[in-house]
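J.: Hey, can you work out the whole structure from these sequences and the hints?
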Amino acid sequence: MHALISSLRLPATRSCLLLALACAPLMPAPAQAQVEVGKASVMRQLVPAETLENSATQQYQELLQKAKAQGALADAGNPQLQRLRGIAQRLIPYAAQWNPRASQWRWEVNLIGSKQINAFCMPGGKIAFYTGIIDQLRLTDDEIAMIMGHEMAHALREHSREQLAKNQATSIGISLGAQLLGLGDLGNAAARLGGQLLSLKFSRNDESDADLVGLELAARAGYHPQAAVSLWRKMGQATGEGGIGFLSTHPTGPDRIRQLEGNVPRVMGLYEQARRR
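Throughout the sequence shown, residue numbering follows this note's numbering, covering 26 to 302 in sequence.
Hints may contain errors.
Below, computed lysine-lysine pairings styled on DSSO-like, alpha-carbon distance capped at 30 Å [what the hints assert, rightly or not]: (1) LYS226 x LYS91; (2) LYS93 x LYS226; (3) LYS93 x LYS140; (4) LYS91 x LYS140; (5) LYS191 x LYS64.
Between beta-carbon pairs, the in silico distance windows are [as the list claims (entries may be wrong)]: (6) ALA101 x GLN251: 28 to 34 Å; (7) ARG283 x GLY102: 40 to 46 Å; (8) GLY287 x ALA101: 37 to 43 Å; (9) ASN230 x ALA101: 35 to 41 Å; (10) LYS64 x GLN95: 39 to 45 Å; (11) ARG163 x GLN57: 31 to 37 Å; (12) SER228 x LYS91: 27 to 33 Å.
FYI, nobody ran anything at the bench for these hints, they're computed from the structure. All C-beta atoms, glycine included, are put in the ideal place defined by N, C-alpha and C.
T.: If you want it as structure tokens, here you go:
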């Protein structure tokens, strides 16, 4: 990745950036959360959320247009698409508990015909599933909810925003503070970086974070928490140690399954409460 703005070696810039990061608001878990996750990194503040969401929307629409041109985009009457949208309607009401911006997002859910085992949720609530992940793994509604919750959690916890900020900081150094002083063009840089959204690889901590937040979202929506465990067992059986698509950026393994098993009891009460409603 090449530098997108020139380096500004100003002591004041460095000081102001560090001060801004120190004062930047954190994104803690909601007070009523049953799972334990860390606070979101202040690094994400270096990439404007609205700019990234707009870029994600543009990239999402381009993807849908390409799929439609290939005859791969499911129409509104597709039973599997209706199934996905019904699950999303149950999950979305709980999203803003993890990120207040989510209440303003224009959520979209689409289905693309492909053998890929893949699904994602881009910043701003743009969700897509590939038929391969549903058909090849023979997913139940509860398991789909776990995948959808996991992907929504990446967007809600702003993992893409954080990764892009870190990439930029590595590439151009502390001079990113120029944007905070009105001396740079970080907003445009973020828009250009948005093209990388689908190729980003999240950290192990990000994946753990998304697993737990997604588990809680799904439980609150009335989907059985144990489905998270059965889902990742299916993933491991389907692709072994590696694989393409979803598993290339979401590696499975015994540690992941053990963590989920340990957290199922934490959210079981939420699930049972939802089932009584």
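J.: State for each hint whether it applies.
T.: Here is what the structure says about each hint:
For the hint pairing LYS226 with LYS91, the CA-to-CA distance comes to about 23 Å; that is within 30 Å, so the pair holds. Of the supplied pair hints, the one linking LYS93 and LYS226 holds, its CA atoms being roughly 27 Å apart against a limit of 30 Å. Restraint check for LYS93 and LYS140: the C-alpha separation of about 16 Å stays at or below 30 Å, so the hint holds. Pair hint LYS91 plus LYS140 holds up; C-alpha atoms about 16 Å apart against a cutoff of 30 Å.
The hinted pair formed by LYS191 and LYS64 meets the criterion: a straight-line CA distance of about 16 Å does not exceed 30 Å. Between ALA101 and GLN251 the C-beta distance comes to about 32 Å, which sits within the given range of 28 to 34 Å. The hint said 40 to 46 Å for the Cβ distance between ARG283 and GLY102, and at roughly 41 Å that hint holds. GLY287 and ALA101 have their C-beta atoms about 40 Å apart, which keeps the hinted 37 to 43 Å range intact.
Checked against the hint of 35 to 41 Å, the C-beta distance between ASN230 and ALA101 comes to roughly 38 Å, which is consistent with it. Restraint check, LYS64 to GLN95: a C-beta distance of roughly 42 Å satisfies the suggested window 39 to 45 Å. Between ARG163 and GLN57 the beta carbons are some 34 Å apart, a value that agrees with the proposed interval 31 to 37 Å. Checked against the given bound of 27 to 33 Å, the beta carbons of SER228 and LYS91, roughly 29 Å apart, stay inside it.
Going down the numbered hints, you'll see the structure goes against none, and every one checks out.
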